[in-house]
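S.K.: Protein chains in written order, with my numbering: chain A, 1 to 92; chain B, 1 to 418; chain C, 1 to 1004; chain D, 1 to 191.
Keep in mind the hints are simulated off the structure, nothing from the lab.
Don't take every hint at face value.
Quick look at which bits of chain D chain A covers, simulated, 3 or more residues with Cβ under 8 Å [to be verified]:
id, segment
1, 68-74
2, 138-148
As a list, the in silico DSSO-like pairs of lysine-lysine whose alpha-carbon atoms are at most 27 Å apart [what the hints assert, rightly or not]:
id, chain 1, residue 1, chain 2, residue 2
3, B, K352, A, K25
4, C, K940, B, K98
5, B, K98, B, K416
6, C, K940, B, K411
7, B, K18, C, K135
8, B, K268, C, K33
Note that the structure is predicted; figures quoted are calculated from it, not measured.
For each residue, glycine too, the CB sits at the ideal point set by N, CA and C.
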Amino acid sequence: MIRITCPHCGPRDQDEFSYAGDATKTRPADPAAASAADWHDYVYLRDNPAGPHLEFWHHVYGCRHYVKVLRDVTSHAVLASGRPDETLEAGE
Amino acid sequence: MAEYSVFSLIREGLTGHKGWIRAWRDPEPKASYDVIVIGGGGHGLATAYYLARNHGITNVAVVEKGWIGGGNVGRNTTIVRSNYMLDGNAHFYEHSLKLWEGLSRDLNYNVMFSQRGVLNLAHSDGQMDAYARRGNMMRLNGIDAELLDRDGVRRLYPHLDYSKDARWPIYGGLLQPRGGTARHDAVAWGFARGADRRGVDILQNCEVIGFERDGDRITGVKTTRGTIGCGRVGMAVAGNTSRVAAMLGWKLPIESHVLQAFVTEPLKPLIDGVVTYGAGHFYISQSDKGGLVLGGDIDFHNSYAQRGNLPVVENVMANGLAMMPNIGRVRILRSWGGIMDMSMDGSPIISKTPFDNLYLNAGWCYGGFKATPGSGYAFAHTIANDAPHETNRAMGLDRFESGHLLDEGGKGPTPKLH
Amino acid sequence: MILGRLKGVNAFRLPTGGEIDRRRALSFSFDGKSYTGFQGDTLASALLANGVTLVGRSFKYHRPRGIFTAGPEEPNALVELRQGARREPNTRATMAELFHGLEATSQNRWPSLAFDAMEVNDLAGRFLVAGFYYKTFMGFPGWHFYEQRIRAAAGMGRGTVEPDPDRYERMSAHCDVLIVGGGPSGLAAALTAGRSGARVILVEETDGLGGRLRSERETIAGRPAMDWVARTRQELDSLPEVQTLTRTTAFGYYDDNMIGAVERVADHMPVPPDHVPRQRLWHIRARRVVLATGAIERHIAFPDNDRPGVMLASAVRSYINRFAVRPGRRAVVVANNDDGYRTALDLAAAGVEVMRVVDTRPAGTSDWRVRCEAAGIDIQDGAAVTKVHGRLAVIGCDIAPLDGSDRPRFEPCDLIAVSGGWSPAVHLHTHALGAIEWSEGRAAFVPGAARQAHASVGAARGTYGLASSIAEGFEAGAAAAEAAGFPTASRPEVPATDEPGQRPIRAIWATGDGKKRFVDLQDDVTVDDIALAHREGFVSVEHLKRYTTLGMGTDQGKTSNIIGHALMAEARGEPIPQVGTTRFRPPYTPVAMGAFAGGDRGRHHAPVRRSAMHDWHAANGAVFVEAGHWLRPQYYLAEGTPDGKAAMDAAITGEVRAVRHAVGLVDVSTLGKIDIQGPDAAELLNRLYANGFKTLAVGKARYGLMLREDGIVHDDGTTSRLGEHHYLMTTTTAHAGDVMAQIEWYLQVVWPELDARACSVTDQWAAMALAGPKARDVLAAAIDDGTDVSDGALPFMGVTTARIAGVPVRIFRISFSGELSYEVNAPADWGTHVWEALMDAGEAHDIRPYGTEAMGIMRIEKGHVTHAELDGRVTLDDTGMGRMASSKKWFVGRGMLDKPAFTDPDRPKLVGLVPVDGRTRIPAGAILVEDPAAAVPMGKLGHVSSSAYLSPTVGHPIALGFVSGGLERKGQTVWAVFPLRKLAVEVTITDPVFVDPQGDRLRG
Amino acid sequence: MVDLAPLPPRLSPFAALFAATANDPNPGVTLSARSLDQVQIDCATDRADRIALPLPAPGRAVSHDGMRLISLAPGRWIVVKADAPDLFDRVRDACDGSAAAVVDQGHGRSCLRLSGPNARDLLVTGTGIDLHPRAFAVDDAASTALFHVAAILDRRQGSATFDLHMARSYAAAVAERLIAGGRQYGVAVTS
Ligand SMILES: Cc1cc2nc3c(=O)[nH]c(=O)nc-3n(C[C@H](O)[C@H](O)[C@H](O)COP(=O)(O)OP(=O)(O)OC[C@H]3O[C@@H](n4cnc5c(N)ncnc54)[C@H](O)[C@@H]3O)c2cc1C
Ligand SMILES: NC(=O)c1ccc[n+]([C@@H]2O[C@H](COP(=O)([O-])OP(=O)(O)OC[C@H]3O[C@@H](n4cnc5c(N)ncnc54)[C@H](O)[C@@H]3O)[C@@H](O)[C@H]2O)c1
Ligand SMILES: Cc1cc2nc3c(=O)[nH]c(=O)nc-3n(C[C@H](O)[C@H](O)[C@H](O)COP(=O)(O)O)c2cc1C
Ligand SMILES: [Zn+2]
């Protein structure tokens, strides 16, 4: 069971969350100015790295906040977690 | 003893089986090959086989980082079907199913393809309509399909939950009689042996760690067994697609997720064909060894670990018991996981790429085993002719730009939902 | 079968000793014959006590098999336990605790256990080698023919076709220290961890604590070791934060130190007590884990080493010491380590005649050997068993020097005790991604570096000494507690033990030749199969496994894997660690599917969602249908009308007529409702919806469509402006959850700068739509605070509040049916109250409640789309609502709309369909084509998405569908084909709005 | 203004279920339906200090002059009280100046009180959070999953008394699970 520490609720089981995918993707800030290529990249392309992966988990059964998580997807070890606006580094 | 038959088996039986030879050789890598296929899974091996068989291209190497068949082909629930709705998928999978029907003889290797039928259960009028639409599309594409009502389902599978306690009653189902299962490992070994006998080098423990390029041309493939020169390169590494693409600084519409599967203790025949539950993701069949082979949803998060966790396990079993209340006491003997290349529209990619001589085979999601012969066939054609085969025309990478998506489920660009 | 004749008399029970309770005799049956055993027996020990040694048949060759072990690693003694709905195939007799009336049946044999026709497979064995089936069965009459026969022969026990009558339960636990294994090292760990005050859980697979000590004649502090176990248990029980779970198997080590364990609450009883679950599945989240799972003994592959009577040495000691059973009368012991001597001494002490101890090692000495010699037991060095005599039971064996210096000599015996050394149970350690290393000294893989927070101790770590196991336990338990933040006192001192010195093991995996030498007894994998796999290039241990099925049985190769891997290493001429071992996977021992499902079964498979008016519907003839988790009235049957197709059609038609001609009331509580507030609420809506929302006035509602980021239509619904900065959004039932999640996503992650807050109020408000020409009259009559709902005061798309029967309600004048319609929202606990008030007020107009079917027909008559149309592949243009998209603003999904595929004029677009003959139904799911007779594969124009078999309003069948080109084709006819039912209907393409296209009625 | 009918009695989602449930003479767990008023406060975290209520920290609940205040998330609380038709106005007034969204959830979430020696044993069959007294003390609160349904757990005074607040439409389904699982300890229900 992956245990994710929600910055608001503390450590919780993965099944309290709904996975919300790659957190490195940023939606074009000025949508009107964004090109088709920008949208294509945002909507369809993923780095999908094998190693530390920055991702969002939605705490649907808890505080209903999106939690940013840095997780090694080769071992599932959660390296860090925080609010969406935080920058995460792997730590203890 | 190279050729397999009941006669060779008897002869060997009488002489202590001393005459059998390696199913495939263990050669040293050559300096270069006309085609290098990356990935010794079902698709990579089938591609090499059809390159030799259909296109006479035999100076081919399949490079495999571990032992062949150790990836998803060796860990899948072996369901083979072509019950697709969208033309872009249907023709491809039906072609693949036709290849399955002649595969054991073609390979002189019994892959135990067994057409005991694939039944998808429906639990609401809306689901019946959706299955009707799919089944009708299948018929119009020349694919076998039957729409069963509740009694029809009951006649085939009397021991599903027809009680009033059923949380989601069974309304009926869509049956593809020609669907079934195959012996997954044998598929990898059979294609490997078939390719090897036609001159293909199968290089195991040979991981691709980089590429040598001249602009958009791939000139060589760097491996743990040295750099190997290449004319063309076909990539068929399934769950590792993004990893290998990253060696070229290339981003793809793919996420890797872990899918678990399970097998129970061996039982005397309990269910004949493949049955899938419609009110939650669950599918089950019984292997010839007697084990119930079952699976359900992916673990819903990116993963390169071939292991999952209990929430999905428990959800799978709960769905299983909701469908078959009689298997509560049957014991799970082993569980495992595999890394799946989930594409953004839930359909595969067999395509040319931005690189002149590199070709991509990926995005198989839950369903690439049934595609194995068709995929190898189409991919070999694409590599040999630098142009898609008619069956994979709709499966190009460009569809994500053009919007000609193949979204069977209508789930949109959210891989975990496909 | 020498022993066979003495069945039924406990002839092999020792007069004293063991853990059995001789005062509590239990009767049980095996293959219909009844026997007696004692409380504390397993089925296996009770059978042995009764002289029953033939209990099963092997998987492939159907060879006679006996009881090989005394634990979870049993490959042979698999039986069908219990009968009928509770039948459990493949149950290990060695783990099944005896209870009164236990019924067991041998499996995988026909017609009988002693005579099994399928044993011909054994004679044909030379052809049925590993992987033979890949090489044949390809020709006439085809695989399917052969497969049917193979399937019938394969499998082991029979499952049941009846629903499992028992309950299962999930338990969630958290602790500081989890200890897996209740042997000496686990008990020692529990003691030091428990004394620290940490929260400790100790799980033990068997019914009692002590581990190997239950089966050995060990002493601790000069007293029988089990006294120490009892004292330790006493202390553990006295510690409030220590929980001991016996009959509980830790089956898997998952991420973040979560261990899955299954507790067999009632498997040792005939049936579970009322309401008590049969098994509990534990989720144990532990700060630290101590793995004290012990070690598993393995055998040596000699010819016919599978005959009933060949038994692991450790099992022999278990039957003697723990169960007070003599597993035979004359024994030969063969071993490559000192356990042979230990076993011989126990046999002798139990009155079993020890013919000889065969030590595969060259001559040498040790304390154990000296004790054997002192006991006058014959010992032969450097020799091995070369032949086993007897088929249904061992009657003797041939023994010969390994160097061939002498001819084999016959030794009569009915028991052959074999020890090939021990393999630490590293399963859980490797589940947790821990590394394993080869230990030459122990000839075994032992745990290496851990990846999660766990440590292995005792035999699980390859520490086979008792004192040292206890010492490791003390240390590991204390260290784990400290790591979890609980300081511990100094380590207790390790009690004195009496442990004779041992001479190291000398690995030997197979001896003799010729006859079948079994590596994996359950799956019938022989030494020759390993050689064949090597010859054919299946040299990776993973290939070896899959080609020969080595270790793929219910025991997962606990006793056999290492032997096969070692033999492959020999064949490859490489060291064992280089060849490696196959991957360990959960579960450690097989776990029932029901245990995983827990309570999520039957009605509780998924939670049911009920509307506030549910009980009213039920009491008033509603026939319910599932919609997501919701139960919704599909239609209402008049009192006493039996359900059925005709009754249903009549009910639905009546409901539609009522709404179209008078008035009806429908429960729409399932629609998602989202309360949105804040200065930027309007801006948020404007970005979410494709159409504009900035201009929506207070007290007004507006229909809106939202897209996904990929440009496809996501959901639709009405949003009302309740106040300056206050909106109420409604969503479809299906998308209520994900639209809410999307809004939270945009507010929290994408547009945090927006000052707006959103929360779901779906459950707060019971929602009902009052629809029909008489709706206003009924509403006005029901309102008791004089709120004016005249067309002037409350026009179409107007919103107001009022009181009905004392209840404050919100009223939205919106229409899905196309009639004059009001959606009334009442606080849920008063929903039924308001519903009844409206029904009363409507009585004068013969108001009828209507269900989803009537609603569906009426929305089709109006050409309204639902999820049947919005199937996740359609664009705004496809639905004909493209012009709604605002060009003045940017909205979610807009960036995708110019894709070539989206602007393709040939895309299927929404249209109405009517049968050319005016009669024939147009089935949903039909495909639209030009020519039904065209050759297959044929081109398609589109499909039928929704169908009203008979529209009471229009008077004939109608349907909605998507056709290439859309309304360009208006007036043309195409065919709706349904080959699954051999149907083809010629249809005319019409406007999708069949009723009141101008919308006069709803504005009326 | 015409004179209004008085507010009718509320219909609990547990009514039918409890009516059909036989009580055990000496129950290990007792389920009591509580009819409460409930108001949810949603406030920008930087403006929360303007709210004139003793708002508890995340994971906590406080009792304050007849009201129970429970933290759900940053800037989000619920305030519950029995028979308090004025609760909404009271909370709205207290939030004046904070621009908080104040939302009536009195009928949206139903409350069940679970008590008795086996209350904890029963709860852990449905939720994964740690309910050990060391980890979940009196006045601790958590939003979590209970039998796959979102629930707010509020630990009240006493050795094992918990208030469960659940979406009304799911409440009966959860109660059914609790009763089925509680039978082994003996169950009693009170409305
Ligand atoms: C649990 C599970 C159940 C499934 N069930 C079904 C089913 O019922 N029906 C169905 O049709 N499909 C199913 N699938 C999907 C199917 O198994 C896959 O889509 C299919 O096997 C993928 O093609 P493949 O066989 O070539 O992949 P793989 O067998 O994974 O082959 C890819 C190979 O590439 C190798 N490789 C990776 N990186 C490198 C590198 N850098 N260098 C060299 N080699 C490399 C890997 O080692 C691997 O051997 C299932 C998948 C899983 C995991
Ligand atoms: N060659 C030898 O002489 C030899 C070899 C092995 C063991 N031993 C003896 O074994 C003892 C070692 O003590 P120990 O405690 O390390 O091992 P142990 O075998 O005494 O105890 C292990 C316990 O763990 C339990 N267990 C195993 N897997 C489990 C699981 N997944 N879940 C729950 N329970 C599980 C077993 O039922 C057993 O009770 C010593 O007495 C030692 O002398 C001797
Ligand atoms: C269709 C199918 C049937 C299987 N049957 C068995 C089985 O009977 N016994 C067994 O031990 N494993 C069985 N397995 C699982 C494999 O042992 C193994 O777990 C799987 O191939 C994944 O490899 P891994 O566990 O080494 O990663 C089966 C796998 C598949 C795909
Ligand atoms: Zn949270």
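S.K.: Is K18 of chain B within 27 Å of K135 of chain C, Cα to Cα?
M.R.: With Cα atoms ~15 Å apart, K18 of chain B and K135 of chain C stay inside 27 Å; holds.
S.K.: Straight-line Cα separation of K268 of chain B and K33 of chain C no greater than 27 Å?
M.R.: holds, 24 Å
S.K.: Examine the segment 68-74 of chain D: at least three residues should have C-beta closer than 8 Å to a C-beta of chain A.
M.R.: Since three or more residues must qualify, the claim that chain A covers the segment 68-74 of chain D holds, with 3 doing so at under 8 Å.
S.K.: Tell me if the straight-line CA distance from K940 of chain C to K411 of chain B falls inside 27 Å.
M.R.: holds, 23 Å
S.K.: Mind checking, does the segment 138-148 of chain D have 3 or more residues with a CB under 8 Å from chain A?
M.R.: Our answer is that it holds, as 4 residues pass the Cβ test (under 8 Å) against chain A, meeting three.
S.K.: Take the C-alpha atoms of K940 of chain C and K98 of chain B, compute the straight-line distance between them, and say whether it is at most 27 Å.
M.R.: Holds, at roughly 23 Å.
S.K.: Are the Cα atoms of K98 of chain B and K416 of chain B separated by 27 Å or less?
M.R.: violated, 30 Å
S.K.: If you draw a straight line from the CA of K352 of chain B to the CA of K25 of chain A, is it 27 Å or shorter?
M.R.: holds, 26 Å
Checked against the numbered hints above, the structure violates only hint 5.
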